[in-house]
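**Q** Residues per chain, in single letters:
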Amino acid sequence: MIEFHQVHKTYRVAGKRAGREIPALQPTDLRIESGQIFGLIGHSGAGKSTLLRLINRLEEPSGGRILVDGEDVTALDANGLRQFRQRVGMIFQHFNLLASKTVADNVALPLKLAGVRSRAEIDARVAELLARVGLGDHAKKYPAQLSGGQKQRVGIARALATGPTILLCDEATSALDPQTTASVLQLLAQINRELRLTIVLITHEMDVIRRVCDRVAVMDAGEIVEQGAVADVFLHPQHPTTRRFVLEAEQVDEDERRDDFAQVPGRILRLTFHGESTYAPLLGKVARDTGVDYSILAGRIDRIRETPYGQLTLSLVGGDIDAALAQFRAADVHLEVLR
Amino acid sequence: METLATLFVNVDWYEIWQATLDTLLMLGGSLLFTVLLGLPLGVLLFLSGPRQLFDNRPLYALLSLVVNVLRSLPFIILLIVMIPFTVLLAGTSLGVAGAIPPLVVGATPFFARLVETALREVDRGIIEATQAMGATTRQIILDALLPEARPGIFAAITVTAITLVSYTAMAGVVGAGGLGDLAIRFGYQRFQTDVMVVTVILLLVLVQVLQSIGDRLVVHFSRK
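These protein sequence lines are chains A and B, in that order. Quick note: the first sequence, position 159, residue 159 per the UniProt record's numbering, numbers continuous. Quick note: the second sequence, position 29, residue 29 per the UniProt record's numbering, numbers continuous.
Source of the hints: derived by calculation from the structure; they are not laboratory data. Only a predicted model underlies this, so the values are computations on that prediction, with no experimental measurement involved. We treat Cβ as the ideally placed atom computed from N, Cα and C, and that holds for glycine. Each hint should be verified, as a subset may be incorrect.
[To be verified] Away from chain A, derived, C-beta distances all over 10 angstroms, residues of chain B:
hint, residue
1, L37
2, F221
3, S222
[As the list claims (entries may be wrong)] Straight-line C-alpha distance at most 25 angstroms; calculated DMTMM-like pairs for lysine to aspartate or glutamate:
hint, chain 1, residue 1, chain 2, residue 2
4, A, K141, B, D12
5, A, K101, B, E15
6, A, K112, A, D123
7, A, K101, A, D77
8, A, K285, A, E248
9, A, K141, A, E128
10, A, K112, A, E128
11, A, K141, A, E121
12, A, K101, B, D12
13, A, K112, B, D143
14, A, K140, B, D123
15, A, K141, B, D55
16, A, K285, A, D320
17, A, K140, A, D105
18, A, K141, B, D143
19, A, K101, B, D143
20, A, K112, B, D215
21, A, K101, B, D194
22, A, K112, A, D77
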């Protein structure tokens, strides 16, 4: 478990305007349960990268305490910090592999740094890690000979080398194309499942959160403005920043949508299905029972991690609209009346 | 052989051989010490630089000043200024042994700057990644920074070696011997154009060979 207690970070500006302080992270409380995939989403400069780097103290906090499994990370001395870092893997947007070393030697590096001497032990561990990320045949290659997705797999293998309990992902898929992103996310989910690893990832894409995360925190201007289970935050965003991210993921423009609806007659409502209810034949039943006619104005049916969800914007005309609304309210769906 | 002998009438081939050997010895010896001293100095310059691992403004300013002063001194002046120090260090200011201290002092600051530049070329992300693995500063330098900067460091050694070739030619002035000395004493002062041509060709070949060895090493270690 990772806990933040009133952790904050301020950068001191050097040079001409020396002494001026720029807050990167407002005093923050945060709790990340073990075994979770926790997503941090925010625009660049929102403080998510700072927050991530505070966990393994690549950034030193200006104040507050960070506990990992009950241990106060902020109190560690240099030696303790190095040992702690061996229990926290990290992968990066630009992979940060050593171009001068082969794939196998890149994965072996953390083991060597941790003081593993036995060549046989290192070789066996490297082979096992490369097999796990599906790069068993590429051990002798240099990073320059690999594709972006393969490089990130090497990065993941390297991050797992010392058997960490936490994996930090710094925009790990932002430099990859959509297909490769999907396969890397799949690998992360699999690792999370099989190794019971806590994963903290930062991204600016809601889609990444939707696909792999259990919980999400939305950051804006150095603050966490909203957090919760992904389904709740994704389907019922409260903060304007969150709403923008969700709309971005759905590739719709809010203004555009509102304009469209101006010409639509009747009541407009939004139904959100999640889990089992996604497949229940609710619409037809309500239409038959109450005599309303409906048309679907916008909609999306997809999955949040493994769970299906659907979100439909409908207009209702004719029949007994109040009875229809009552039936929707009674059903296992979330109803919002937009107009 | 007949035509060669008439063409290079003034050339004493034994002396040419001896001078070539002297040049190679001066080059080898001074390059060795330049790398031994310049590499740590370059690493220190890099580490103490702004926003680097040991960000230390006063130290960086001091090292920078020493390096800049030594670099701005023309080598021919340095040769002469260094004489008492050279005698102290090598026991003589003459010959190959007497040439090596000024050559090293002349080339080390230059080489150190090139090393600093080569290290700066290494992506900061590499340092961050090794820090995240729990590396000590020593491990970051030896296991990540230096291997990553290897192509740049070999390029720096090549440029330094070629600079040293031209420095050895000047060292002739203080009685160091070598091809440059031969060119000046016979080719220039005695108007023996054939000696000049032979020494120039030999120096040219030497520079070419050094450059192509250096280029190969750079390509080999680039892994691109």
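**Q** The structure should be examined with respect to each hint, and the outcome stated for every one.
**A** Quick rundown of the hints versus the structure:
1. L37: holds (24 angstroms)
2. F221: Check fails; 7 angstroms does not lie beyond 10 angstroms.
3. S222: Contrary to the label, S222(B) does not stay out of reach of chain A, its closest Cβ about 8 angstroms off (not over 10 angstroms).
4. K141(A) <-> D12(B): violated (54 angstroms)
5. K101(A) <-> E15(B): violated (47 angstroms)
6. K112(A) <-> D123(A): holds (11 angstroms)
7. K101(A) <-> D77(A): Cα-Cα ~31 angstroms, so violated.
8. K285(A) <-> E248(A): violated (32 angstroms)
9. K141(A) <-> E128(A): holds (17 angstroms)
10. K112(A) <-> E128(A): Distance of about 16 angstroms is within 25 angstroms: holds.
11. K141(A) <-> E121(A): holds (21 angstroms)
12. K101(A) <-> D12(B): With a Cα-Cα distance of about 51 angstroms, the restraint between K101(A) and D12(B) is violated, given a limit of 25 angstroms.
13. K112(A) <-> D143(B): holds (9 angstroms)
14. K140(A) <-> D123(B): holds (23 angstroms)
15. K141(A) <-> D55(B): violated (35 angstroms)
16. K285(A) <-> D320(A): holds (13 angstroms)
17. K140(A) <-> D105(A): holds (9 angstroms)
18. K141(A) <-> D143(B): Holds, because 19 angstroms separates the two Cα atoms, which is no more than 25 angstroms.
19. K101(A) <-> D143(B): holds (10 angstroms)
20. K112(A) <-> D215(B): violated (31 angstroms)
21. K101(A) <-> D194(B): violated (51 angstroms)
22. K112(A) <-> D77(A): With Cα atoms ~21 angstroms apart, K112(A) and D77(A) stay inside 25 angstroms; holds.
Violated hints, listed in ascending order, are 2, 3, 4, 5, 7, 8, 12, 15, 20 and 21; each of the other numbered hints is respected by the structure.
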